Every structure is written in structure tokens, then in C-alpha cells.
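Colleague: Assembling the complex is the task here: the two chains are given apart, and the hints tell you how they should meet.
In order, the protein sequence lines correspond to chains A and B.
Residue 613 in the working numbering is what sits at position 613 of the first sequence, and the numbering runs on without skipping anything.
Residue 21 in the working numbering is what sits at position 21 of the second sequence, and the numbering runs on without skipping anything.
Don't take every hint at face value.
As the list claims (entries may be wrong) - Using 25 Å as the maximum straight-line C-alpha spacing, the simulated BS3-like pairs for lysine-lysine come out as follows: (1) K584/A - K556/A; (2) K15/B - K573/A; (3) K171/A - K20/B; (4) K15/B - K54/A; (5) K15/B - K524/A; (6) K2/A - K697/A; (7) K171/A - K15/B; (8) K20/B - K536/A; (9) K564/A - K584/A; (10) K151/A - K20/B; (11) K15/B - K536/A; (12) K32/B - K171/A; (13) K151/A - K15/B; (14) K20/B - K574/A; (15) K15/B - K776/A; (16) K32/B - K524/A; (17) K20/B - K524/A; (18) K574/A - K15/B.
Claimed, not checked - Distance windows between CB atoms, simulated: (19) T27/B - A247/A: 53 to 61 Å; (20) T141/A - T27/B: 33 to 41 Å; (21) L120/A - T27/B: 44 to 52 Å; (22) T27/B - E540/A: 20 to 28 Å; (23) K230/A - T27/B: 36 to 44 Å; (24) T27/B - G50/A: 37 to 45 Å; (25) R194/A - T27/B: 39 to 47 Å; (26) K202/A - T27/B: 30 to 38 Å; (27) V71/A - T27/B: 56 to 64 Å; (28) S399/A - T27/B: 55 to 63 Å.
Just so you know, these hints were derived from the structure itself, not from any lab.
Quantities reported herein were computed from a predicted structural model and do not represent experimental measurements.
All C-beta atoms, glycine included, are put in the ideal place defined by N, C-alpha and C.
The chain contents come next:
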Amino acid sequence: MKARKIDIAGFRGFNERREIEFDDTLTLIAAHNSYGKTSITEAFEFLIYGQTSKVQSADSKDEYKGSYRNVHLPENENPKISLTMSDGDADTVYAVELRGNDIVRFVSGKEVESFPFAPLVDETVKPFILQHALKDLLLSTPAERFANFAKLLGFEALGDVQRELIAFCTKPNPPREVLLLQNKITALEDRTRRSGLTEIAKLMKKGSAPEVLFALIKKEASKHVPRTTKSDLLLPTLLSVRDEAVARIFGGSTKIPSESSEQALAFENEQRRILQLLSEEFIKRYLGLATTHAQQKVRQTYELLNLGTLSLADDESKCPLCLQPVDEPIRLHIAERHKELQAKETVFAESQKSADAISASLLDLKRSLAALAKSQTDRLASLAQLEPQLSNLQKLLESEPDRFSFVRNAVEEFATLTSDLEKSNDAFNKAYLSVTESIQASTESSATMDALVEAVTTSMKKIAQLREKANSTSGSLQEIDGIVRLKLDALAGTQDISLLVDLLQAETEFIKKATIDVITHSLKDLRTSAEQYVGKRMSESITGGFGTSVMSWYDKIKTSTDPKVHFSGFDLKKMPQGNRVQIKAKSYDKELVSAVSSLSESKLNALGLCMSIAINLQSPGPFEFIVIDDPIQSWDAEHEDQFIDVVRELIEIGKQVIILSHNTKWTERMRTGCEDLGGVYYQVSGYDDKGPHIQEKDWASVKDRLANVSGIVNNPSADSITLQQAEQEMRHVFNQIAAGLKKRMFDTKVSTKNLNAEGTRKILLECNVDLPFVNKIMQAFVTVDDAHHTPEDYTVHRQRIKQYEEYAKTLLDNLSKARRVAGSKP
Amino acid sequence: MINDVATVSQPARSKAQIVKEISHGITNPLHKRLLAAYSESNPVGSLELELQNVLLEVLNANESKKD
Numbered sequence: 001m002k003a004r005k006i007d008i009a010g011f012r013g014f015n016e017r018r019e020i021e022f023d024d025t026l027t028l029i030a031a032h033n034s035y036g037k038t039s040i041t042e043a044f045e046f047l048i049y050g051q052t053s054k055v056q057s058a059d060s061k062d063e064y065k066g067s068y069r070n071v072h073l074p075e076n077e078n079p080k081i082s083l084t085m086s087d088g089d090a091d092t093v094y095a096v097e098l099r100g101n102d103i104v105r106f107v108s109g110k111e112v113e114s115f116p117f118a119p120l121v122d123e124t125v126k127p128f129i130l131q132h133a134l135k136d137l138l139l140s141t142p143a144e145r146f147a148n149f150a151k152l153l154g155f156e157a158l159g160d161v162q163r164e165l166i167a168f169c170t171k172p173n174p175p176r177e178v179l180l181l182q183n184k185i186t187a188l189e190d191r192t193r194r195s196g197l198t199e200i201a202k203l204m205k206k207g208s209a210p211e212v213l214f215a216l217i218k219k220e221a222s223k224h225v226p227r228t229t230k231s232d233l234l235l236p237t238l239l240s241v242r243d244e245a246v247a248r249i250f251g252g253s254t255k256i257p258s259e260s261s262e263q264a265l266a267f268e269n270e271q272r273r274i275l276q277l278l279s280e281e282f283i284k285r286y287l288g289l290a291t292t293h294a295q296q297k298v299r300q301t302y303e304l305l306n307l308g309t310l311s312l313a314d315d316e317s318k319c320p321l322c323l324q325p326v327d328e329p330i331r332l333h334i335a336e337r338h339k340e341l342q343a344k345e346t347v348f349a350e351s352q353k354s355a356d357a358i359s360a361s362l363l364d365l366k367r368s369l370a371a372l373a374k375s376q377t378d379r380l381a382s383l384a385q386l387e388p389q390l391s392n393l394q395k396l397l398e399s400e401p402d403r404f405s406f407v408r409n410a411v412e413e414f415a416t417l418t419s420d421l422e423k424s425n426d427a428f429n430k431a432y433l434s435v436t437e438s439i440q441a442s443t444e445s446s447a448t449m450d451a452l453v454e455a456v457t458t459s460m461k462k463i464a465q466l467r468e469k470a471n472s473t474s475g476s477l478q479e480i481d482g483i484v485r486l487k488l489d490a491l492a493g494t495q496d497i498s499l500l501v502d503l504l505q506a507e508t509e510f511i512k513k514a515t516i517d518v519i520t521h522s523l524k525d526l527r528t529s530a531e532q533y534v535g536k537r538m539s540e541s542i543t544g545g546f547g548t549s550v551m552s553w554y555d556k557i558k559t560s561t562d563p564k565v566h567f568s569g570f571d572l573k574k575m576p577q578g579n580r581v582q583i584k585a586k587s588y589d590k591e592l593v594s595a596v597s598s599l600s601e602s603k604l605n606a607l608g609l610c611m612s613i614a615i616n617l618q619s620p621g622p623f624e625f626i627v628i629d630d631p632i633q634s635w636d637a638e639h640e641d642q643f644i645d646v647v648r649e650l651i652e653i654g655k656q657v658i659i660l661s662h663n664t665k666w667t668e669r670m671r672t673g674c675e676d677l678g679g680v681y682y683q684v685s686g687y688d689d690k691g692p693h694i695q696e697k698d699w700a701s702v703k704d705r706l707a708n709v710s711g712i713v714n715n716p717s718a719d720s721i722t723l724q725q726a727e728q729e730m731r732h733v734f735n736q737i738a739a740g741l742k743k744r745m746f747d748t749k750v751s752t753k754n755l756n757a758e759g760t761r762k763i764l765l766e767c768n769v770d771l772p773f774v775n776k777i778m779q780a781f782v783t784v785d786d787a788h789h790t791p792e793d794y795t796v797h798r799q800r801i802k803q804y805e806e807y808a809k810t811l812l813d814n815l816s817k818a819r820r821v822a823g824s825k826p
Numbered sequence: 001m002i003n004d005v006a007t008v009s010q011p012a013r014s015k016a017q018i019v020k021e022i023s024h025g026i027t028n029p030l031h032k033r034l035l036a037a038y039s040e041s042n043p044v045g046s047l048e049l050e051l052q053n054v055l056l057e058v059l060n061a062n063e064s065k066k067d
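Excised from the complex, chain B in its bound form (with noise of 0.2 Å):
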């Protein structure tokens, strides 16, 4: 019995650890940008407002070459 539970790994208990983990897995910058944002004290908030950033970027970025 003990050794069963002896098993039993140890969750990742908080949002940060989790979305710091989520991060390690993935390769895309963007995503990491956008975890990054999630990390943050207003999590929900903060990620939409960072990809809202991000698609400005790109409008601006494109509007800037076009000059």
C-alpha cells in the first residue's frame, strides 16, 4: 500500500509551474510570448491583450514596409 502511493507523482501545483512547463514542451515563439502574458497577475486578460499586440505588429509592421 504505502509503496503504491510512494508512486504517485507530485502535481505541478501552481498556474506559473504549469504554464513554465507548457513552455518547456513547445517550440513556436509566439506561443511562448503568449504564456509569458499568461503568467501574469491578470492571466486572461493579459493573454488576449498580448495576442491583440501581436496582430497589431503584424498590420504595423507590414503598413511600415509598405511606405
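Bound-form chain A, shown alone (with noise of 0.2 Å):
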């Protein structure tokens, strides 16, 4: 798509909507610093990719909130800018509002979510060029270097990628879980190596498999233990020789198991439930039993009366027991009680159900009890059984009394703790003796029942507190115990196997470790896939295409009297921080350090130019236009020529080249040197609050260009060719006193550019030019037609030319006496 038009209203330096129409070839504005020309690239870049590439690389976005916005804009509007852009067959006008921070899109008018060419600008190069892009590539840390180019080479994800694989290959974030398993392993590993053990210290530091490994282990422990030991019996059989070795020093043990997060839940469940247990609804059932017992005596009536109407059964007409006759009234009165009594004996059938409930779930309380607390009591086996052996220990720890000190008292309170808790249970039992006795001599209460739930309380209390000082002492006694177990070992002459059952018990942990290791040590081979990847695409296209292309672009700005210091291509070098790009630069042929180090600014500043010409057309997406913005910088006036040429030949290949420039006598070259293709021209000659003071000039006026063309005619060694330059010369001529003449008497705009035979022939007429003179005017263009044919009999003359010159000084005469139309517009 080539750009047609653009309009700006209220956007960063514009605030009155600015309409700036571009050429099909080559538009060059030239401004001043700071009359707003960046605002116009940015307005570009706004519209296609919702922010500027300022705002995007900026380290800090908030220094740039807001300025988007034109700060003299009324409140009541919004930034807006449209881009009218042609694919050949029609124009579409896109177009961006900025409404607060929301920017609403328009694709002729209508508004859309996205720009239908959103998608294939994602994955395409910008088609700006920036003066401050370039220097941000170019000057940036070597280490960065890498990211910036691939960000301007549209490998962005490139540099992303190769960043943070090799931060995470490098250095990998474990779990803790794993980290604790490493250290306990290097643990046992610098143990294994300041013992007498050095062959398995050797199998440890030469990294060797862990079967490897302990095969070794299991051999050196088969050695202390008798030759008939089974391999599955190893440990066991090795563990009872140590503690026998040690037992006869000291038999005890300070250790504590520590509590699992599973053991930790399965005991707070359990207390849950047992206080589940003595819950309102089991009191209520216990109090209602009363009632049943009341039912008893009606029970045992109702049983004698059942085995009495049995009886009568036989023969109703007299007692079975007197055997005296009984009439109709009496047995219709037994009849009636039975019934009576039969209904009392279910619901107390139903009472005996609840009793029986009762009386299982206060078993269950107490078998539950009895199980937590022993699950507590059971922990502290060791520590129970050390006091008797006080003496011996604190002899063992003379080194380390506090250490001492802390085992006494943990003993010390954890019989405190445990003779409490026995004698709670102790309560308990008799609270409990009180239930089930009530409830067999049908004498429940209240009472009763609230001393085994006071019971049942205090216990859980009790283990409560002795399972928090158990957790809270039981890592401080694990590592006494250490300390003791190494003393003992030392005087037990045990400590390699105590070492080997530490190791014989953590293989399945070396195991892990070994698997892990694997694991981590593979993410090196990622990084280098990574690496490899990431290298051979950036190498693919700074070496090959692109560096030939760039090297292309620098040798047509570079002059031959330049010194031969000169870049000389790129290169990727490894790093172990990763790839970085090397631009490489030669001192007559000799290799310098870096071009970045060596080059000058003017040399740099060509480079940054060529690279981007060179990204550009290797990946030009859907624009045919190229920016470039302010592309003289330091330049002597010979290169700057240079880089005309370059402008044309990029024209040449098709490109629809937009320039801004400061360098106003630059511009002025410009279009003498592109004078052949034409163009538009703006200039900026002034700047206010309300933006810009833009105005469209000539490309070349009418003046320089008779001037020139006199200067053809009267040189006598003028060949062909310059004369029919000097003959399209005096076209564009026509053209423009035609276009001169449109907008003084109409004061309508017409774009020389566009103009032909027939449109200039048109215009002529309609602002009165005789028919006559017209038709001699309109020879000019018979020699070429529209289709730039030549026709056969056509021959370049001197002499016609120079009566076209007289035709144009009479045309201008028209044009300095022309008046604008009555009934057109002001």
C-alpha cells in the first residue's frame, strides 16, 4: 500500500489538524528542529501500531504519559489522526482517535477492532527509519547489542528467547523439597570424605552411579558384620553392631521423631473427632435413658403377662395356674392389658437400641484417647528412658553443658507433662467407670456426664501439650543426639559404621539426587540447542542476505576520498553470556577492534541508515513507504550527495520514499538531484501553539527551471539526450503555470505531479488561455505521449525549444495578470 494522505489533529506537536498529501515516489519535507517533524513519523507509527517506538523502548512509561495529546488541544476534542493509503485499486482511509487512553479505530468511517493489516505488521519490519532507533542500536553495551539487533532485524522474540533460556538453564530454581535432599547428600558426602572410608569418598567425587556406589557400601559393610549376614539383612544386622559397640558407653538416646505434615493432620483429625463424640446430640441420648429404665417394671409385667396369656392359650375357660374358671369379662380384660403392655415393650425395645449405641461410643471415646495419647507417649520412648542414664550423658556433652542442660530439662518436663497426662487419664477412667455404671444401674445424670466431659477435656489438653513441647524441642534433640552419637562413635572406634549405616540408609535418596542431577546437568544440552538455534538464525541473516545488502547500501554513501576506515561486515560471536553481534570494521584492510570503537560518528550514523534500508527491503510487509527521519547527521556535503543517490535508487526499485530533514540546503540538492523524478515538496516555515505552518512549494520553480533550460539551448555542445531533458523541462513548466493558474483563479489545487497533455491542455482553457496558443503549447507534449513513446519522425530541435521558452514567458505573463473567478471559492 502507498500513502496517499495524512491528516493530523491534535497529536503530539500538531494541534490544528495539519493535511499533508505525499507523492507516489518521493516527498521530502523540510523543518526546522523542533517544528514538529517527528511528530509526523510518530503520527505514522501511531496509527499503525497504537504507540510510538519512543514510548515503546522508554525505560520509564510514565515520563511519557499523556504526551501524546497535544497539550493546547481543547478539552473538548480528542487527538485524531487518518491515513489514507492506496493498494492500486482504491483508497481506504484508516484512521485513530485517541479518546482518553482508549484508542477507537475507523476504516472509512466505520469503526473497527483492528486495522485488517494488524496481522501482517506484527510479523514485518516498521518501515521508519529513526535517527534515534539507530543510535540505540549502535551505541548500545555489546552485551544488549544482541537483543537490539535482533529487535530491529524483527527477531525480537529471538533475543527474548535466548535471554531467558539461558538465565534458566544456567541457573535452574529447584524445588525446596530438592534442595533439602542436595544438602543432606553433600552432607553425607563430606563426611564420607573426612573419614577413613577413601574409596567410596573417590567413587563419590568422580560423580559415579549410585549402584557403582554402593556396591562398594555394601561391600565395605559386609566387613563388619559376620560373613553369614544376607544381603537384606545388612543394615539391620550393621546397625545392631554399632548400637551394641556404643550400648556398652552409653545405651541411651536423645532423638525425638519429628511429626510428618500427614501425621500432623491425622492427629488434629482425630481430636476433632473425639470431641465429635461428646457432642449435644450424645448427652440428650445419654439423659434420655432415665426414661427408659423407668419402663423396666412395665417390661417384666408385661412378660408374665405374656407367658400367662400363652397359657390361656390352651384353654381360656380357667387359670392355668388355679385352674379356677375365668368368664368372658376377665379374659376380655387380659386381652386388653397385653395389648396395652405389647405396645410399652416396643418402644422399649427401641430405648435398649440407644443404651447399646451409647455404650459403644463410649468405648470408642476411650480406645481413642488411649490412642492419641500413647501416640505422643510413644515419641517420647527415648527421652523416658533417659534418666537414669543422666550421668552418663552429661559426662558424654562435658564439652557442651548448655546442650546438656537443654536434654535435662526436656526430660525433666516431659515427665512433668507425662505424669500429668497419666493422671487425667486416671480421671478419665473413673469419669468414665461413672457413665457406663449409671447407665446399668439406670441412674444417669448430669452430673456424670459433665465429669467425663471435664475429663475427656483436660486429657486432650494434656496431649496437646505434650505434643507442642515434643515439636518444639524435637530438632535441637535431634542434633544432641548427633553430637552424642559422634562422641560415642569416637570412643566406640564406630564412626565409618555409623557412616556406612547413614549411607546404607539414604540409597534411595542418592538415588533421587543422581536422577535429579541428570536432570539439571541436561538443561546445559538445552541451552546449547538453544543457543545453536538462536545463533544460526541471527548468523543466517547478519552474514549472509543482509550483511551483503548492508555492505551494498555503505559502499554507495561512502566517497573515494575517504580514508579506508570503513565497516566490514558483521559477525556472531559465543559468548558464555550467549551470542553477541560483532560489527566488524577494517583500518586499510587491517581488522579494528570494533566499529562502534572506531568508526566515526558521520561513518556510524551511515551504517545505523544502511541497516535500516537494508531490514526494510528484506522484509517490507504491507507498506511500499518507507520514513526516514532526519537522515543527514554529520555528514560533509559530499556524502550527503551520496545519499541522493541512494534515495533514487531506491525509488528505483519501487519504494515510495517520505523524507524529513532539518538540513534545509540538503533538501534543496535533493530535489535538484531527483529533479528528473519529481515530487512533493512541503516546507514548515514556522511553528505556533497551533502546530506546524506547513506549505507545499514547487519541487523546482519556474524560474530555475527556464534558467536551466536556457542554459541547455544556448550551449552549443548540448547533445541529444540533454536537449530532450531541456524539452521535458519545459513540460513541467507548462504544467506548473497551468497549476499556477488553477488555484489564482479558482483557488483549487492541482498536483503537478499528476498532470498530463490533457489535463494541462484543460486547465489552460478553462482559465481562458486561447484555443490557438494553447494548441502550440500542447507541441510540447506531442513529442511524448502519456505512454513516454517517442513517435517516429521526432527529432529534438534547439530551435523549437526556445519557442516554447517564449511561449511560457507569455503564459506567465498571464498568470501575473490572472484574478480569481467570481463565484469561486475565496
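Modeller: Right, dumping it as C-alpha cells:
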């Protein structure tokens, strides 16, 4: 797509709406610094990408907050940009409006979510060459340059992948559980290194596989147990050997098993369940049993009556006991009474079931409470047995009196807590007995149940205290146990056996660690794969076609008088931190350290421009235009002129070039250098709070063109090609004068770039130029038709061109006298 | 000049595309798994989490074996 026109209002340096039309090939905008040049480029960027590269690359986005909106724009208006683009067939207007922080997009006036070209622009290089971006690239640190190059080449993700994967693979972040395992194994390896088990230590140092390492450990361990010991009994036998040896000195242990998270959860769940057994419902059911027992007598009467009723069944006429006659009223009375008691008996049976359920719950309560208490007292078993051996322990810990005091205090505290727990258990057993007896004796009461509830609560509290104490001291006690063990091993000469026990116990953990090590070490391979891929892709780009292309453009800018100190290509260097892009340079064929440190600013500027041009041509995307923002920086005139040739070549390749420059002298030479190409030229003559004052100027003035023509026709040595150029200049002159007449008489702007013979003829007639004179002027166009085909009989003729000069002077006279036609817009 | 330009290979632009291409070039299934995580919306976070999952799987698998 080519850019036709841009409208900017309220954006960056633009307050009031400004419209800039673009030539199909070359548009030149000359403006002093701070006259709004960059705002034009930014308007393009903002419309296409939704943000400017300046904001995108800013360290602090806050600094740019609200900077898109022109500060003088009235509050009730929004910044708007619209860009008319042509795909060759039709023009489409793409517009954005900034509403607060929201960007609203329109295509030909219709609001859209995104522009149709959006997916393409995300994957291609931006059609802009920006000075600040080039400086960022060239003057970045070597470490940052890869990422900046990748960004410029459209490989932004490549730079990210390199940085992120290298960081991840170089320093992986394992979970806490893995770190604990690694620390444990490292500590065992340290112990082994300091021990007499030198062969095992060697294997560890070599990083031997666990199966090799443990074969040796087991072989070593088997030396300390009877020969007949089976392999699966090696560890327990070794443990016994060690325990027996040290028991002669000290048979105790200060170790309390620590509570795992699963055990903690099980304990807390059981606590809750026990308390739930003594629910309000349970107590109500217990107290309800008293009513049931009142029915016991009913049951006895019922059973007796039942027996009598059954006996009567044999002979209803007499009593089965005394054999006296039974009359009808008595028989009916017995039957009714039996029925009544039978109903009561049913209720009683239900109550009996309830009593059984309560008894079962009470038994469950008793057993559960006992089990919960045992779970904690069992943890303290070793400590409970330690009391008689405290004096021995004191000797062992002679050099560690604080640690001994800690153990002694723990033993005493645990003894007190255990004793308290036993007392509370006794109280519970008594209360439990009272409750069960009350059920049997039908003497249920609130007081009995209250005593049970209190006893259970107290026991639970004591168990919890014991657990809390065990948990808070187990770490220190385990540490002390380790110290005691070391001292005992030293005294008993069992250091190696003890270490072998610890190693054998940790066999599974060694295997786990080895697997984990394989995984973490393999990340180096992943890093290598990523680096190779990234390096290959980048290398292909910078040393292949891209490098050649940059060099080719660079050669066009350099001059024959330049010292031979130049950019000489790109290279990729592998560093520990990843791939780095090197920009190479040579001084008279001798390699320099780096182009960045060796080349002058002007050459670096040229290099940056050439890189941008090469990249844009490599991946053009949906846009045929390229916006070059202030390309001429610190160059001498010779290099500046070389760059004019570069622009010409870009146009010849098919690019629509839009150049913004502060260098008015260069833009003048640019127009001269591209006089044959033509173009649109704008001059920003001033700037105020309304924005830049933009004026369209002729590519070359009629006066200059006529002077040029005059110079050619009066030069006797001018060849036919030069004379043809003069004839072409005359056609430009007629077009420009026609456009001038149209503007003056009808206040209508006509682009001379788009004028041809027919268009010029039409305007001249419209502007009241005599038809015979118009026909004479049209002869200048006959020599070359619209398709640029020269008629067969055409020969360039000096005299004819001189005649055209005279026509032009007459037309200029018409132009100076022309007045606005009534009715035309003011 | 135009010919020079035409020989320049087109880069893989998106991170997902780059990761896919790196993944094609490797055989280690664990690395493939990590790269798949890296393709997710929070690449670095997902990558680190996936490695932690892998390592914990090793720990737990061995625990089960031991049990």
C-alpha cells in the first residue's frame, strides 16, 4: 500500500488539523528542528502500531503518559490521525482517535476492532528509519546489542528466547524439597571425605552412578557383620553392631521422632473426631436413658402377662395356675392389658438399642483417647528411658553443658507432662466408669456426664501440651543426638560403621539425587540447543544476505576520498553469556577491534541508515512507503550527495520514499538531484501553539527550470539527450504555470505531479487562455505521449525549445495578470 | 541489489514459532516438555514451574517405589 495523505489533529506537536499529501515516489518535508517533523513520523507509527517507538522503548512509561495529546488541544476534542492509503485499485482511509487512554480505530469511517493489516505488521519490520532507534542500536552495550539487533531485524522474540532460556538453564530454581535432599547428600559426602572410607569418597568425587557407589558401600559394610549375613539383613545387622558397641558406653538416645505433615493432619483430625463424640446430641441421648429404665417394670409385668396369655391359649375357660374358671369379662380385661403392655414393650426395645449405641460410643471414646495419648508418649519413649542415664550423658556432653542442660530440662518437663497426662487419664477412667455404671444402674445424671466431659477435655489438653513440647524440642534434641552419636562413635571406634549405616539408609535418596542431577545437568544441552538455533538464525541473517545488502548500501554512501577505515561486516561471537553481535571494521585492510569504537560518528550514522534500509527491503510488509526521519547527521556535502543517489535507487526499486529533514540545503540539492523524478516538497516555515505551518512548494521553481533550459539550449555542445531533458523541463514549466493559473483563478490546488498533456490543456482553456495558443503549447507534449513513447518522426530541435521558452514567458504574463474568477471559493 | 535482498531468509518472528523450531531439533522428551511450558502465556514462570513439577515427580516416584 502506498500512502496518499495523512491528516493529523491534536497529536504530539500538531494542534489544529494539518493535511499532508504524498507523492507516489518521493515526498520531501523540510523543517527546522522542533518544527514537528518527528510528530509526523510518530503519527504514522501511532496509527499503525498503537504506540510510538519512543514510548515503546522508554525505561519509564510514566514520563510519556499523556504525551500523545497536544497540550493546546481544546479539552472537548480528541487527538485524531487519518492515513489514506492506496492498494493500487482504491483508496482507503485508516483513522485513529485517542479517547482518554483508549484508541478507537476506523476504516473508511466505520469503527473497527483492529486494522485489516494488523496481523501483517506484527510480523514485519516497521517502515520507518528513525535516528534515535539507530543510535540506540549502535551505541548499546555489547551485551544488549544482540537483543537490539534482533529487535531491529524483527527477531525481537529471538533475543528474548536467548536471554530467558540461558538464564533458566544456567541457574535452575529447584523446589525446596529438592534443595533439602541435595543438602543432606552433600553433608554425607563431606562426612565420607573426612572419614577413613577413602575408596567410597573417591567414587563420590568421580560422580559414580549410585549402583556402583552402593556396591562398594555394601562391600565395605559387609566387613563389619558376620559373613553369613544375608544381603537384605545387612543394614539391620550393621545397626545392631554399632548399637551394641556404643551401648557399652551409653545406651540412650535424645532423639524424638519429628512429626510429618501427614501425622500432624491425622492427629488434628482425631482430636476433632473425639470432641465430636461428646456432642450435645450424645449427651441428650444419654440423659434420655433414665426414662427408658422407668419402663423396666412395665417389661417385667408384660413378660409375666405374656406368659399367662400364652398359657390361656390352651384353655381359655380356666386359669392355668389355680384352675379356677375365667369368665368372659376377665378374659377381655387380660387381652386389653396384654395389648397395652405390648405397645410399651416396643418403645422399650428402641430405648435399649439407644443404650447400646451410647455404650459403643463411650468405648470408642475411651480407646481413641488412649491411642491419641499413646501416639505422643511413644514419641518420648527414648527420652523417658534417659533419666537413669543422665549422669552418663553429662559426661559425654562435658564440653557442651548448655546442650546437656537442654536435654535434662526436656527430660524433666516431659516427665511432668507425662505424669499430668497419666493423672488426667485416671480421672477420665473414673468418669468413664461412672457413666457406664449409671447406664447399667439406671442412674443417669447430668453430673455424671459433666464429669466425663471435663475429664476428656483435660486429657485432650494434656496430650496437646505434650505434642507441642515434643514438636518444639525435637529439632534441637535430634541435633544433640547427632553430637552424642559422633562422640560415642569416637569413643567406641564405630565412626565408619555409623557412616556406612547412614549411607545405606540414604540409598534411595542418593538414587533420587542422581536422577535430579541428570535432569539439571541436561539443561546445559537445552541451553546449547537454544543457543545453536538462535545463533544460526541470527548468523544467517546478519552474515548472509543482510550483511551483503548493508555493505552494498554502505559502499554507495562512501566516497573515493574517504580514508579506508570502514565497516567490514557482521559476525556472531559465542560468549559465556550467549551470542553477541559484532560489528566489524577495517582500517586499510587491517581488522579493527570494533566498528562502534573505531568508526567516526558520521560513518556510524551511515552504517545505521544502511542497516535500516537493508532490513526494510528484506521484509517490506504491507507498506510500499518508507519514512526516513532526519537521515543527514554530521555528514559532509559529498556524503550527503551520495545519499541522494541512495534515495534514487530506493525509488527505482519501487519504494515510495517520504523524507523529513532539518537540513534545508540538502533538501534543495535533493530536489535538484531528483529533478527528473519530481515529487512533492513541503516546507515547514514556522511553528506556534496551533502547530507547524506547512506549505507545499514547487519541486523546482519555473524560474529555475527556465534558467536550466536556457543554459542547455544556449550550450552548443549540448547533445540530443540533454536537449530532450530541456524539452521535458519545458513540459514541467507548462504544467506548473497551468496549476498556478488554476490556483489563482479558482483557488483550486492541482498537483503538477499528476498533470499530463490533456490535464494541462483542460486547465489552460478553463483559465481563458486562447485555444490557438494552447494548441501551440501542446506541441511540447506531442513529442512524448503519456506512455513515454517517442513518435517515429520526432527529433529534438533546439529552435523549437527556444520557441517553447517564449510561450512560457507569455503564459507567465497571463499568470501575473490573472484574477480570481467571480463565484469561485474565496 | 534486489537479488541480494531476495536471498535474505525470513526470520521466525513469534516466540511460539521459535520455541517450536528449537523443539523440532531436540530429542530429549524432558526438554520438549519444558519448551512446551515455555510456549505458554507466562513463559518464564511456566518454565520454572514445569521444572519444579518434573523434579517433584522424581522425588515422589522414588518415594512410591520405596513404599
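Colleague: Report the numbers of all earlier hints that the structure fails to satisfy, in ascending order.
Modeller: Violated: hints 15, 21.
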